[in-house]
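Student: Residue strings, one per chain:
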Amino acid sequence: MKNPRLIPEPMPLELLDFFQYIRQLISDGHLLLNYFGSSEKLIYALFGKDGELKLLSAPFPISESYDSLTPEFPAFNMYERLLYEEFGILPEGHPWLKSVRNHLPKEEKHEDYPYLMSDSPLLHEVGVGPVHAGVIEPGHFRFICKGERVKHLEIQLGYQHRGIEKLFLEGDIREKSHLAESIAGDTAIGHNLAYCLALEALSDSPGAAMPIRFIALEMERAAMHLADLSALGTDIAYIMGQNLFAALRTTVINSALAICGSRFGKRWLTPGGVNYGINKEQADILRDTLKEVRAQVINSAEAMFGNSSVLSRFDDTGVLSSADVIALGISGMAAKASGIPSDARLDFPLPEQNSFEPFTIYSGDVYARALLRYREIIQSIDIVLSLLFKLDFEAETKRELGNFSPSSIAISIVEGWRGRIIHMIKTNAACEVVWYKMLDPSFVNWQGLALAMRETAISDFPICNKSFNLSYCGSDL
Amino acid sequence: MINILTILLLPLFLPGLISRVKAIMVGRKGQSLFQQYFHFFKLIRKDEVISTSASFFTRAAPSLALAGTLVAALFVPIGGKTALFSFKGDFILVLYLLAMTKGVMVFAALDAGSSFEGMGASREISFTAFLEPAFVLILASLIYSSGFSSLSSILGNYSLGGNDLLALIVGIFMILALYIMLLVESCRVPFDDPATHLELTMIHEVMVLDYSGFSLGLIHYTAALKMLIYAALIAQIIIPASCTFPLIAFLLITLGIGIITGIMESLIARLRMNRNLELVLVPVSISVLALAALIAKSIGAW
Numbered sequence: 205m206k207n208p209r210l211i212p213e214p215m216p217l218e219l220l221d222f223f224q225y226i227r228q229l230i231s232d233g234h235l236l237l238n239y240f241g242s243s244e245k246l247i248y249a250l251f252g253k254d255g256e257l258k259l260l261s262a263p264f265p266i267s268e269s270y271d272s273l274t275p276e277f278p279a280f281n282m283y284e285r286l287l288y289e290e291f292g293i294l295p296e297g298h299p300w301l302k303s304v305r306n307h308l309p310k311e312e313k314h315e316d317y318p319y320l321m322s323d324s325p326l327l328h329e330v331g332v333g334p335v336h337a338g339v340i341e342p343g344h345f346r347f348i349c350k351g352e353r354v355k356h357l358e359i360q361l362g363y364q365h366r367g368i369e370k371l372f373l374e375g376d377i378r379e380k381s382h383l384a385e386s387i388a389g390d391t392a393i394g395h396n397l398a399y400c401l402a403l404e405a406l407s408d409s410p411g412a413a414m415p416i417r418f419i420a421l422e423m424e425r426a427a428m429h430l431a432d433l434s435a436l437g438t439d440i441a442y443i444m445g446q447n448l449f450a451a452l453r454t455t456v457i458n459s460a461l462a463i464c465g466s467r468f469g470k471r472w473l474t475p476g477g478v479n480y481g482i483n484k485e486q487a488d489i490l491r492d493t494l495k496e497v498r499a500q501v502i503n504s505a506e507a508m509f510g511n512s513s514v515l516s517r518f519d520d521t522g523v524l525s526s527a528d529v530i531a532l533g534i535s536g537m538a539a540k541a542s543g544i545p546s547d548a549r550l551d552f553p554l555p556e557q558n559s560f561e562p563f564t565i566y567s568g569d570v571y572a573r574a575l576l577r578y579r580e581i582i583q584s585i586d587i588v589l590s591l592l593f594k595l596d597f598e599a600e601t602k603r604e605l606g607n608f609s610p611s612s613i614a615i616s617i618v619e620g621w622r623g624r625i626i627h628m629i630k631t632n633a634a635c636e637v638v639w640y641k642m643l644d645p646s647f648v649n650w651q652g653l654a655l656a657m658r659e660t661a662i663s664d665f666p667i668c669n670k671s672f673n674l675s676y677c678g679s680d681l
Numbered sequence: 002m003i004n005i006l007t008i009l010l011l012p013l014f015l016p017g018l019i020s021r022v023k024a025i026m027v028g029r030k031g032q033s034l035f036q037q038y039f040h041f042f043k044l045i046r047k048d049e050v051i052s053t054s055a056s057f058f059t060r061a062a063p064s065l066a067l068a069g070t071l072v073a074a075l076f077v078p079i080g081g082k083t084a085l086f087s088f089k090g091d092f093i094l095v096l097y098l099l100a101m102t103k104g105v106m107v108f109a110a111l112d113a114g115s116s117f118e119g120m121g122a123s124r125e126i127s128f129t130a131f132l133e134p135a136f137v138l139i140l141a142s143l144i145y146s147s148g149f150s151s152l153s154s155i156l157g158n159y160s161l162g163g164n165d166l167l168a169l170i171v172g173i174f175m176i177l178a179l180y181i182m183l184l185v186e187s188c189r190v191p192f193d194d195p196a197t198h199l200e201l202t203m204i205h206e207v208m209v210l211d212y213s214g215f216s217l218g219l220i221h222y223t224a225a226l227k228m229l230i231y232a233a234l235i236a237q238i239i240i241p242a243s244c245t246f247p248l249i250a251f252l253l254i255t256l257g258i259g260i261i262t263g264i265m266e267s268l269i270a271r272l273r274m275n276r277n278l279e280l281v282l283v284p285v286s287i288s289v290l291a292l293a294a295l296i297a298k299s300i301g302a303w
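Top line first, the protein sequences correspond to chains A and B.
Numbered per the working numbering, the first sequence spans residues 205 to 681.
Numbered per the working numbering, the second sequence spans residues 2 to 303.
Keep in mind the hints are simulated off the structure, nothing from the lab.
Note that the structure is predicted; figures quoted are calculated from it, not measured.
Incorrect hints may appear among the rest.
Claimed, not checked - Below, a sample of chain B positions facing chain A; criterion: calculated Cβ distance under 8 Å:
#	residue
1	Arg29
2	Lys30
3	Gly31
4	Leu34
5	Gln36
6	Glu206
7	Met274
Glycine residues also receive a C-beta, built at the ideal position from the N, C-alpha and C atoms.
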């Protein structure tokens with residue numbers, strides 16, 4: 205089984221070999237999935253290629269510094285900044301070393317923050333936030349503009365300090381479903397599934413009711429994409445789209461409510477299986493509802509994408525190039541809309557999952573990200589309908605977890621609606637959890653939004669932002 | 002008397018009507034038609050918060066803008082056939098009173114020193130600068146066809162009816178130009194979105210971000226009154242001079258404008274900011290066309 209995966213603790217490499225190996229893996233076409241430091245004073249690097257995962261580790265350098273990989277491979281940018289912030293390991297030569305989630309020691313005063321600034325009289329700065337106009341979550345956006353045109357956008361997050369990774373280590377790790385669901389509230393099912401799969405891999409006991417889990421995951425995807433299409437309609441004052449898609453989203457999340465008692469699918473999944481199965485009667489209602497939703501989504505979307513005033517706003521706005529997607533390691537929706545088929549359902553299929561072919565669109569603009577959502581809504585509904593058709597109502601819904609394997613690392617990868625979610629657990633020789641790491645696609649994808657805004661009108665920022673719809677808390681943790 | 006009542010009572014009805022129509026169009030129930038009035042009375046009872054970086058001008062601006070617009074409204078035949086006051090050439094005064102209210106609000110936006118408001122002020126000025134020539138050209142067309150006098154009499158003398166095809170075409174041009182000006186001046190879709198919460202996309206709304214309470218109430222009323230002035234200009238072009246119930250005709254036309262605006266707003270998205278210029282240039286070109294047609298007729302080229 206490749207995903208979720210249990211691997212024995214890797215032997216730490218010599219630091220020089222470690223970086224040599226990283227360069228070799230990247231030139232072999234391996235994709236950087238995660239790069240982080242841990243409390244055992246080790247740097248880990250996770251790579252993937254053709255569904256295979258490679259995990260390497262090396263001890264912290266004694267000099268507490270090493271030559272930064274970011275100038276060579278920009279995908280390391282966020283990870284190296286985080287490594288410096290959390291453990292003080294200095295990536296020397298990093299082009300823009302600044303804080304991610306906390307103050308760095310050199311940033312005690314506000315004036316000391318290394319914001320990008322310009323003295324040119326032609327440019328002006330517009331600072332937005334940290335309090336958001338819609339009072340959603342905190343994030344600071346600094347635009348450097350020439351007139352109405354954005355030259356550079358700097359996104360500074362890190363206002364929340366929830367310490368989720370530490371909270372996972374308090375108490376019984378088997379009872380942290382609620383915590384996994386709150387990593388990013390809009391991806392409750394995605395993160396919970398990744399958490400469940402990681403625990404199941406660690407105890408070598410495959411979870412039950414995988415089809416129901418896939419139904420939950422795809423329903424979350426359809427619901428969130430509908431919410432985003434509605435929000436895109438709001439931002440361009442196209443109230444027809446705003447209201448129709450919002451109503452359809454309610455229908456989908458209310459179907460989840462009917463099954464598990466939560467519109468966001470909270471408490472639906474649990475380590476070992478699911479808390480709430482689907483019986484014959486529920487399956488029939490869900491099937492009828494989703495067929496109706498499917499027909500209405502097609503109607504509403506055809507009207508929206510056939511409206512010239514809508515297309516005039518979406519077309520060619522906020523273009524993210526495929527070269528940037530590859531260089532920064534951007535995953536999921538944002539990558540697929542720029543022509544890169546990055547989808548964990550294709551790259552790292554889960555057990556019992558049907559073969560999957562992602563949609564890709566090449567233009568990389570707001571239009572691509574909106575149209576991709578429409579296509580994925582239909583695709584997700586079709587997946588749910590076919591799973592419901594074959595669903596075994598008598599199957600067991602939950603299995604007991606076995607004992608944890610000692611000195612191992614469990615890795616699970618789930619394609620949430622936003623992109624690739626990675627959860628990792630490490631145990632020591634006494635089978636105790638040493639650390640728990642999670643990665644929300646937002647952490648890396650925020651950089652994509654910053655690049656997409658360059659040379660775009662500042663008044664188009666809201667629809668660009670909404671077309672990515674990234675998570676603040678998923679990045680802040 | 003009727004003019005004063007309509008000027009005082011009617012303005013806030015129009016935005017309420019538009020949002021009600023929009024709600025019904027997308028299948029919602031919508032707010033009460035009088036919600037804007039409740040909102041206004043709530044605001045004027047409230048205290049204000051004023052930015053510490055603002056000068057006295059921020060306090061004075063809403064009242065100045067209201068005064069300018071109110072005086073301008075007195076010269077416009079709102080409701081009845083004639084305006085309350087009129088003198089020969091008063092339209093120049095109306096034009097510059099309206100320009101002054103805009104100028105006052107733009108200075109107030111710059112006064113508070115927020116980077117958002119400066120952006121809004123720059124947008125407001127660069128777009129609406131094109132409306133002033135359009136307004137002058139429309140007045141010129143009217144004067145050309147009915148002689149130089151006061152605003153209320155040149156509007157009163159002009160009539161769409163009869164067998165005069167040219168007057169009909171020119172009239173439709175002028176109505177179209179005035180309607181687009183109404184949309185721009187009152188920040189409606191597709192030019193601006195009055196319902197948005199996104200500061201970066203706002204034009205007019207962003208200029209008043211620092212206002213609250215009593216001042217904000219005045220600003221809402223002023224904006225609605227401005228919209229009514231444009232609606233009245235359109236109505237007076239449509240209503241024939243021989244109309245026996247001008248007030249009823251005026252109310253029906255205002256109602257129609259509100260409903261049409263509501264329907265249009267539900268069907269289209271707003272324009273990209275850099276394409277707004279195309280929209281504000283339409284009234285200028287249409288009014289040039291109308292004036293050209295009239296001149297062509299008088300020199301016998303028609």
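Student: All hints, please: hold or fail.
Tutor: Here is how each hint holds up against the structure:
Interface hint status for Arg29 of chain B: upheld, as the beta-carbon distance to the closest one in chain A is roughly 7 Å, under 8 Å. Hint status for Lys30 of chain B: violated, given a least beta-carbon distance of 12 Å to chain A, over 8 Å. Given hint, Gly31 of chain B at the interface with chain A, is violated; its Cβ is 11 Å from that chain's nearest Cβ, farther than 8 Å. Annotation: interface hint on Leu34 of chain B violated; nearest CB of chain A at approximately 18 Å, more than 8 Å.
With a cut of 8 Å, the hint placing Gln36 of chain B at the interface with chain A is violated, because the nearest CB-to-CB distance is about 17 Å. About 11 Å separates the beta-carbon of Glu206 of chain B from the nearest beta-carbon of chain A, more than 8 Å, and the hint is not met. Nearest Cβ of chain A to the Cβ of Met274 of chain B: about 4 Å, under the 8 Å cut. The hint holds.
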